[in-house]
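*Asks:* Sequence:
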Amino acid sequence: MQSPVLAIIGLIFVFTGLKWGAFIFTVHQYESAIVTRFGKAVRVDKTPGLKFKVPFIDAVHRFDNRILAWDGAPTECPTKDKLYLIVDCFARWRISDPLLYFKSLN
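Following our numbering, the numbering of the sequence shown begins with 26 at its first residue and continues without gaps.
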């Protein structure tokens with residue numbers, strides 16, 4: 026039978042781990058992160074690694090630095106001579122300035 030002291034120590038370790046999880050976040054090498062405090066941008070993190078934030082006040086918004094893709098559905102368009110053309114569209118883009126992207130879409 027385990028002693029209650031070990032159970033209490035285990036609970037303390039679990040609680041401490043959860044608490045530290047609210048203080049830190051990671052930025053991967055293929056993404057950028059914007060930390061906002063009450064909806065206003067505080068800082069932009071572009072370098073990968075562990076970063077710190079204020080728990081329950083700061084929010085982290087992540088944006089991909091890779092080339093993003095959008096592929097539209099093909100549609101049929103009639104011409105004047107009653108023939109139909111199939112038109113397909115696509116777009117490729119990359120977010121170069123995450124702060125400007127965040128401000129323009131928010």
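Check before you lean on any hint, since a few could be wrong.
Think about it this way: if two alpha-carbon atoms lie no more than 35 angstroms apart in a straight line, the pair counts; the simulated DSBU-like pairs of lysine-lysine are [claimed, not checked]:
(1) K107 with K128
(2) K65 with K76
(3) K78 with K128
(4) K128 with K65
(5) K128 with K76
(6) K107 with K71
Listed next, with one range per pair, are the computed distances between beta-carbon atoms [said to hold, decoys possible]:
(7) V30 with F63: 39 to 47 angstroms
(8) F115 with G74: 33 to 41 angstroms
(9) R62 with F38: 26 to 34 angstroms
(10) F38 with G97: 49 to 57 angstroms
(11) K128 with Q54: 18 to 26 angstroms
(12) T51 with K128: 21 to 29 angstroms
(13) I37 with K128: 41 to 49 angstroms
(14) I34 with A116: 53 to 61 angstroms
(15) L75 with S121: 22 to 30 angstroms
(16) G97 with L125: 21 to 29 angstroms
(17) Y109 with H86: 39 to 47 angstroms
(18) L75 with T100: 44 to 52 angstroms
Just so you know, these hints were derived from the structure itself, not from any lab.
Even for Gly, the Cβ is constructed at its ideal location relative to N, Cα and C.
*Asks:* Taking only the CA atoms, is the gap from K107 to K71 under or equal to 35 angstroms?
*Replies:* violated (53 angstroms)
*Asks:* For R62 and F38, compare the CB-CB distance with the range 26 to 34 angstroms and indicate the outcome.
*Replies:* holds (30 angstroms)
*Asks:* Using the beta carbons of L75 and S121, state whether their distance is inside 22 to 30 angstroms or not.
*Replies:* holds (25 angstroms)
*Asks:* Is the straight-line distance between the alpha-carbon of K107 and that of K128 35 angstroms or less?
*Replies:* violated (45 angstroms)
*Asks:* For the pair supplied as a hint, K128 and K65, is the alpha-carbon distance within the 35 angstroms limit?
*Replies:* holds (9 angstroms)
*Asks:* Quickly compare the C-alpha distance for K128 and K76 to 35 angstroms and report which way the hint goes.
*Replies:* At roughly 22 angstroms apart (the allowed maximum being 35 angstroms), K76 and K128 satisfy the hint.
*Asks:* Check whether the Cα positions of K65 and K76 lie no farther apart than 35 angstroms.
*Replies:* Given that 35 angstroms is the threshold and the Cα spacing comes to 18 angstroms, the pair holds.
*Asks:* For K78 and K128, compute the direct alpha-carbon distance and say whether it is at most 35 angstroms.
*Replies:* holds (20 angstroms)
*Asks:* Starting from the range 39 to 47 angstroms, see whether the pair Y109 and H86 falls in it by beta-carbon distance.
*Replies:* With Cβ atoms ~43 angstroms apart, the hint holds.
*Asks:* Could you see if the CB distance from V30 to F63 stays within 39 to 47 angstroms?
*Replies:* About 42 angstroms separates the Cβ atoms of V30 and F63, which means 39 to 47 angstroms holds.
*Asks:* Within 53 to 61 angstroms or not, the Cβ separation of I34 and A116?
*Replies:* holds (55 angstroms)
*Asks:* Hint says 18 to 26 angstroms; check whether the CB-CB distance for K128 and Q54 agrees.
*Replies:* Hint holds: Cβ distance 24 angstroms, inside 18 to 26 angstroms.
Hint compliance for this structure: hints 1 and 6 are not met, and every other hint is.
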